Amino acid sequence: MKVFPITPNNAYKNNDLKEFLMKLCQIAIENGALSANKIDVSNIIFNNTPIDCPQDEQSFYYPQVIYKKDPIQKILKTFHWAVVFIIDRKLNLKKVYEVTAKIESNCFYKNYHLAVGLAAGNCRKVFCSTKNSCQAMTKGKGCAFPMIARPSVEACGIDLISLAQESNIPEYIQDDHLLGMVFVD
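Mapping the sequence shown onto numbering that gives the first Met the number 0, position 4 (from 1) lands on 3, and the numbers just tick up by one.
Among the hints, erroneous ones may be present.
Stated by the list, open to error - Label-pair distances were calculated between CB atoms; the ranges are:
#: 1; residue 1: Ile172; residue 2: Thr137; range: 11 to 21 angstroms
#: 2; residue 1: Glu18; residue 2: Asn131; range: 43 to 53 angstroms
#: 3; residue 1: Asn47; residue 2: Asn167; range: 22 to 32 angstroms
#: 4; residue 1: Met21; residue 2: Pro169; range: 39 to 49 angstroms
#: 5; residue 1: Glu29; residue 2: Met146; range: 14 to 24 angstroms
#: 6; residue 1: Lys76; residue 2: Glu18; range: 18 to 28 angstroms
#: 7; residue 1: Ile44; residue 2: Lys140; range: 30 to 40 angstroms
Stated by the list, open to error - Below, simulated DSS-like cross-link-like pairs (lysine-lysine); rule was C-alpha separation at most 30 angstroms, straight line:
#: 8; residue 1: Lys76; residue 2: Lys17
#: 9; residue 1: Lys37; residue 2: Lys138
#: 10; residue 1: Lys138; residue 2: Lys93
#: 11; residue 1: Lys124; residue 2: Lys73
None of these hints come from the bench; they were simulated from the model.
Quantities reported herein were computed from a predicted structural model and do not represent experimental measurements.
Idealized CB from N, CA, C, for every residue including glycine.
Please build the complete structure, drawing on both the sequences and the hints.
Structure below.
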């Protein structure tokens, strides 16, 4: 009787991860992204310049992400890879959230359960513009749209221009495009 070693689950995942990341790029394009690419997270540049946002437009995720335990940058630095994509700004802001959610969903169903998606802009303008305030900022209440609302790339302190350059997305123009990303490990 021959005994064959069984590949540990993580080793299998690591071998297939780069291929899966390229598949996620294709999924982004199929769902409305103009361009998408995988990047090594260690090359991301963080910019801690605060975003100017009136008090009455603030949300749990914007102008900065509010997590009590760990700063968002610390969390994101634990990942190794991400998929970055751009959307034509004319499509509308909601499209970035939809593509982000679609990529996260694909990650989950392929056993990458800890994928973290970031969208663009203020989720409150997209989902809760008719409300007086962000429900998640009310003590004891959660987000009204937890399955699709995400922090924005810029609210997490990621420099958009350097991210587009690192992602080899030459067509990115800040006034014409919206940038989203999903961290995968």
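Each hint, compared with the structure:
In this structure the supplied range 11 to 21 angstroms is violated for Ile172 paired with Thr137, their Cβ-Cβ distance being about 37 angstroms. The hinted window of 43 to 53 angstroms between Glu18 and Asn131 holds, with their beta carbons roughly 47 angstroms apart. At roughly 25 angstroms, the beta-carbon separation of Asn47 and Asn167 lies within the given 22 to 32 angstroms, and the hint holds. The hint said 39 to 49 angstroms for the Cβ distance between Met21 and Pro169, and at roughly 18 angstroms that hint is violated.
Between Glu29 and Met146, the C-beta spacing of about 20 angstroms keeps the proposed range 14 to 24 angstroms intact. In this structure the supplied range 18 to 28 angstroms holds for Lys76 paired with Glu18, their Cβ-Cβ distance being about 24 angstroms. For the pair Ile44 and Lys140, the supplied restraint of 30 to 40 angstroms holds, since their beta-carbon distance comes to about 34 angstroms. This hinted pair checks out: Lys76 and Lys17 have alpha carbons roughly 18 angstroms apart, not beyond 30 angstroms.
With a C-alpha separation of about 37 angstroms, the suggested pair Lys37 and Lys138 falls outside the 30 angstroms cut-off, and the hint is violated. Distance hint between Lys138 and Lys93 is fulfilled; the C-alpha atoms sit about 26 angstroms from each other, no more than 30 angstroms. This hinted pair checks out: Lys124 and Lys73 have alpha carbons roughly 27 angstroms apart, not beyond 30 angstroms.
Hint check: violations occur at hints 1, 4 and 9; the rest are consistent with the structure.
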